[in-house]
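J.: Sequence:
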Amino acid sequence: MKISAFHLMPHRELPPDFEKRYESVWVTPPWWELADARRVGQYYNWTLDELLYAARSGLDGVCTNEHHQNAYGFMPSPNLMGSVLAKLTTGMNVAIVQMGATLPTSNPPIRVAEEYAMLDCISGGRLVAGLPLGSPMDVNLCYGITPMEHRERYREAFALTLKAWQAREIFPWNGRYYQLANVNLWPRPIQQPHPPVWVPGSGSISTFDFAVENDVCYCFLSYSGARSARTMMDRYWEVVSARGRDANPYRGGFLQLVAVSDTDARAEAEYAQHVEYFYHKCLHVPAQWFSPPGNQDYRSLVATTGNPVRRAENPKTLRYRDFVEKGYVIAGSPATVR
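The sequence shown finishes on residue 330 if you use the numbering used here, and the numbering steps up by one all the way, no holes.
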């Protein structure tokens, strides 16, 4: 097992009544009422400091990701953060995990291929290339790509990116969404034929199929803990088996919120307010925005809405001890967490 530190770079000081006063933490939160650019500059630097601390503490990777128009996690360009981390971790055996730059919102997507190749060169071959589909809030509601086109654009951009990293000769690309007369990537990544590719997702069967078909790692991004994840990941491993792929554990990744302190009581004292802040405020998004019509196929929609844990509980009604007892959060002393 490999363990990495994942950072969203959220707003750290939303007002106590945020979820009552505002429609959503994503897409529509008003900047001028809620944020200050100088303070946000501190957030970005604190985020880099925290990820650098994780790298120096011996974790296997440091992860950043891309989101737009929100207070839940506002790194619109994770590669800017990744480039700083790549330089500051020179000489460390720590992966630069970009979870990552969103392909459908990058036009043309070879911009992602170029920037990732730069990061692999700067880091000395330590890049893990996350190639996410992107959330409906980012891609559909913020960047204006229709839900029906979302996955088609992604699949084409994914194929173009991998070919751009590997092709030995200049080639034209004449796709449905992208037309390029001369693709000749400079630089190329150190890791050949390409860096490890991770495809993040939130439980869509279509994304399972895509990851297995392309023989890359699927990373389940869930804040509902192991009980919810088990249902989804069991289905993923069924797809792996049905497609005849080997059961290599590195085909799968899982996001888990973990909080450790000297004792269980101290962990509660130190982390309770932050856990509740995250689940009550940072995940305050209208449910219908997660799956606009056309964004998921029927199988995926049934699987997502049919998850018994997701269906049964509203995280806004839970407190710290509930999150720990129900497995959303693993927290406590080292002995408890272990």
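Calculated directly from the structure, the hints in this document are not laboratory data.
Model, not experiment: these values are computed from the prediction.
Using N, Cα and C, we set each Cβ at its ideal position, and we do this for glycine too.
Don't take every hint at face value.
Distance ranges between label pairs, derived from CB positions [what the hints assert, rightly or not]:
id, residue 1, residue 2, range
1, 160, 256, 49 to 59 Å
2, 313, 160, 56 to 66 Å
3, 173, 136, 37 to 47 Å
4, 226, 99, 17 to 27 Å
5, 161, 182, 30 to 40 Å
6, 256, 163, 33 to 43 Å
7, 158, 52, 24 to 34 Å
8, 289, 207, 31 to 41 Å
9, 236, 308, 35 to 45 Å
10, 163, 236, 42 to 52 Å
11, 325, 185, 18 to 28 Å
12, 313, 22, 15 to 25 Å
J.: Checking against the hints above, which ones are violated?
T.: 3, 4, 5, 6, 8, 10, 11 and 12
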